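Those protein sequences? They're chains A and B, same order as listed. Note that numbering that gives the first Met the number 0 gives residue 17 to position 18 of the first sequence, counting from 1, and the numbers run on in steps of one. Note that numbering that gives the first Met the number 0 gives residue 30 to position 31 of the second sequence, counting from 1, and the numbers run on in steps of one.
Where hints are given, some of them may not hold.
Cut-off 27 Å, straight-line C-alpha distance, at most; resulting in silico cross-link-like pairs (BS3-like, lysine-lysine) [unchecked claim]: (1) Lys97/A x Lys123/A; (2) Lys64/B x Lys71/A; (3) Lys109/B x Lys97/A; (4) Lys64/B x Lys97/A; (5) Lys134/A x Lys64/B; (6) Lys134/A x Lys124/A; (7) Lys146/A x Lys109/A; (8) Lys109/A x Lys134/A; (9) Lys125/A x Lys16/B; (10) Lys64/B x Lys125/A; (11) Lys101/A x Lys64/B; (12) Lys109/B x Lys113/A; (13) Lys109/A x Lys127/A; (14) Lys124/A x Lys113/A; (15) Lys113/A x Lys5/A; (16) Lys72/A x Lys16/B; (17) Lys71/A x Lys16/B; (18) Lys71/A x Lys194/A; (19) Lys123/A x Lys16/B; (20) Lys134/A x Lys123/A; (21) Lys16/B x Lys101/A; (22) Lys123/A x Lys142/B; (23) Lys5/A x Lys64/B; (24) Lys64/B x Lys206/A; (25) Lys64/B x Lys127/A; (26) Lys124/A x Lys142/B; (27) Lys113/A x Lys224/A; (28) Lys72/A x Lys5/A; (29) Lys224/A x Lys194/A; (30) Lys16/B x Lys127/A; (31) Lys146/A x Lys64/B.
None of these hints come from the bench; they were simulated from the model. The structure displayed is predicted, hence computed values, not measured ones.
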Amino acid sequence: MEYAIKVTNLCKAYQDFALDNVSLAVPKGCIMGFIGENGAGKSTTIKAMLNLVHRDAGTVEILGMDLNSHEKKIKERIGVVFDECCFHDNLTPADISKILGKIYQNWDGKLYQKYLTQFGLGEKKKIKEFSRGMKMKLGIAAALAHKPDVLILDEATSGLDPIVREEILDIFLDFIQDENHAILISSHITSDLDKIADYLTFIHHGKIVFSVSRDELMDSMGIVKCGTEDLAGIGKDQVIRYRTNQFGCEVLIRDKKSFASRYPGMVMDPVTTESIMLFYSRGEEL
Amino acid sequence: MNGLLYKDLLNLNSTMKYLAVMILIFCAIFIPMGNELPVLIILVLFGAMLPISTITYDTTARWDKYAVSLPMIREEIVGTRYQLMLGGVCVAGIVSLTIAVAMTVLMPGKGVFVTFINPLALAVIFVACGIFLGSIMLPLTLKFGLRRCVTFS
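Just chain A, with the same shape it has in the complex (with noise of 0.2 Å):
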């Protein structure tokens, strides 16, 4: 399998923080999924992976070169969309075409303003009357307007209306349409990962607790709803965490074939992104 972003024991180090031998995969023509709550790492490792922060050890490899060795060429070859518009407030997307058209080699000025036309961004107003949405979607038609072939997004969909957003995943979604293509996404909105996601990576207190596929994820863990004397019955091996509340529990299944088979009076729900999280966040272990 070809990747297009391969991180390799990336380790950053603060003083109350510390990403530890992050490593994730996104194969080309695939989005994945960067999953985990606030100050779990997410932020940090697209910048580590950027070299907006200095990493401490690790590799970073992006359409097969070494960020190190060929920061240049890469960084001319991928879109970022950061959680907030980093555009001047006075400047206009024409503006911004002309600084950016002298930054790119690639810079398509008619794309970007096909993408301005479709966002319905004017060109010659400032960025200033524009809507935190409508930042965004500038932002997004600035990382798409020099035909990158990977997208970096760090929450880019947070604070978004629905509809804004919907519009913005089909956006995601025809640009993975060229299989050379990939996404890397960092969010909190799960149910725009279970729309568009294909890869999931979770990353807890800067570990990364998986990543894999979603349908992989999705056809074998499962929930299972019992009262707390049930929870000592279900084997220890079949438990990845359980949650207490006042009905009972939840646990969340790590095979529900295997469980189903075993357990034939259970019954149980299917995961989605946000609960897998919830579970891994605030549940126990056995």
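With the hints as your guide, set chain B onto chain A.
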């Protein structure tokens, strides 16, 4: 690199208009008094401080984070600041030279410096002062950030 310079010039557009008005006011007040010194000082200060203004704009817009994702190395990003500083100081030098020449021709025998230093030498001295000032201010601002530099000063 050109893109970054272009971005800085676009952002400085309104600031430069404001500075031009300020300089005209200073000229109107001090030149008739035969004292070119405040005008020359403010010109060089403005020239040397231009990149500091762009750093303020970039910090407010959070541009620096975005800039690192662009196909440029950090040295190029920092180099643009120095280019802008040199450009600003040189423009200030040319305006200083114009003022000094005008005073020498139109107001012979008047002026603090122009009476004993030729206009070109005067402009060169002020450009050198501007570059010296910028060379201290700019690395400090880049290293410690604008807020800390303002606090120190």
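Structure-based check of each hint:
The straight-line distance between the Cα atoms of Lys97/A and Lys123/A is roughly 12 Å, inside the 27 Å bound, and the hint therefore holds. Taking the CA atoms of Lys64/B and Lys71/A, the gap is about 16 Å. The hint holds against a cut of 27 Å. A C-alpha spacing of about 47 Å is found between Lys109/B and Lys97/A, which places the hinted pair above 27 Å, so the restraint is violated. With a C-alpha separation of about 19 Å, the suggested pair Lys64/B and Lys97/A falls inside the 27 Å cut-off, and the hint holds.
Proposed proximity of Lys134/A and Lys64/B is supported: the alpha carbons are some 16 Å apart, at most 27 Å. Between Lys134/A and Lys124/A, the direct Cα distance comes to roughly 12 Å. Compliance with the 27 Å bound is thereby established for this hinted pair. At roughly 12 Å between alpha-carbon atoms, Lys146/A and Lys109/A fall within 27 Å of each other, so this suggested pair holds. Annotation: proposed proximity of Lys109/A to Lys134/A holds, straight-line Cα distance about 19 Å (limit 27 Å).
In summary, the hint linking Lys125/A to Lys16/B is supported, as the alpha carbons are separated by about 19 Å, within the 27 Å threshold. Of the supplied pair hints, the one linking Lys64/B and Lys125/A holds, its CA atoms being roughly 21 Å apart against a limit of 27 Å. A threshold of 27 Å between alpha carbons decides the hint, and for Lys101/A with Lys64/B the separation of about 19 Å falls inside it, so the pair holds. Taking the CA atoms of Lys109/B and Lys113/A, the gap is near 61 Å; set against the 27 Å cutoff, the hint is violated.
For a cut-off of 27 Å, the pair hint linking Lys109/A to Lys127/A stands: about 23 Å separates their Cα positions. Among the hinted pairs, Lys124/A with Lys113/A is consistent with the structure: their alpha-carbon atoms are about 16 Å apart, no more than 27 Å. For the given pair, Lys113/A sits about 32 Å from Lys5/A by alpha-carbon distance, which is inconsistent with the 27 Å threshold. Proximity of Lys72/A to Lys16/B is assessed by CA-CA distance (about 38 Å); at most 27 Å being required, the pair is judged violated.
Taken as a hint, the Lys71/A and Lys16/B pair is broken in the structure, with Cα atoms around 35 Å apart against an allowance of 27 Å. Between Lys71/A and Lys194/A the alpha-carbon distance is near 33 Å, which puts this suggested pair outside the 27 Å criterion. Under the criterion of a C-alpha separation no larger than 27 Å, the hint pairing Lys123/A with Lys16/B is consistent with the structure, at around 21 Å. A threshold of 27 Å between alpha carbons decides the hint, and for Lys134/A with Lys123/A the separation of about 14 Å falls inside it, so the pair holds.
Between Lys16/B and Lys101/A, the direct Cα distance comes to roughly 25 Å. Compliance with the 27 Å bound is thereby established for this hinted pair. For the given pair, Lys123/A sits about 35 Å from Lys142/B by alpha-carbon distance, which is inconsistent with the 27 Å threshold. For the hint linking Lys5/A to Lys64/B, the alpha-carbon distance of about 22 Å falls within 27 Å, and the restraint holds. Distance hint between Lys64/B and Lys206/A is fulfilled; the C-alpha atoms sit about 24 Å from each other, no more than 27 Å.
A threshold of 27 Å between alpha carbons decides the hint, and for Lys64/B with Lys127/A the separation of about 19 Å falls inside it, so the pair holds. Straight-line distance between C-alpha atoms of Lys124/A and Lys142/B comes to about 34 Å, which puts the hinted pair past the 27 Å bound. A distance of roughly 50 Å separates the Cα atoms of Lys113/A and Lys224/A; the hinted pair therefore is violated under the 27 Å criterion. Between Lys72/A and Lys5/A the CA atoms are separated by roughly 16 Å; this keeps the pair inside 27 Å, and the hint holds.
Straight-line distance between C-alpha atoms of Lys224/A and Lys194/A comes to about 25 Å, which keeps the hinted pair within the 27 Å bound. Pair hint Lys16/B plus Lys127/A holds up; C-alpha atoms about 20 Å apart against a cutoff of 27 Å. At roughly 21 Å between alpha-carbon atoms, Lys146/A and Lys64/B fall within 27 Å of each other, so this suggested pair holds.
The structure is inconsistent with the numbered hints 3, 12, 15, 16, 17, 18, 22, 26 and 27, although it conforms to all the rest.
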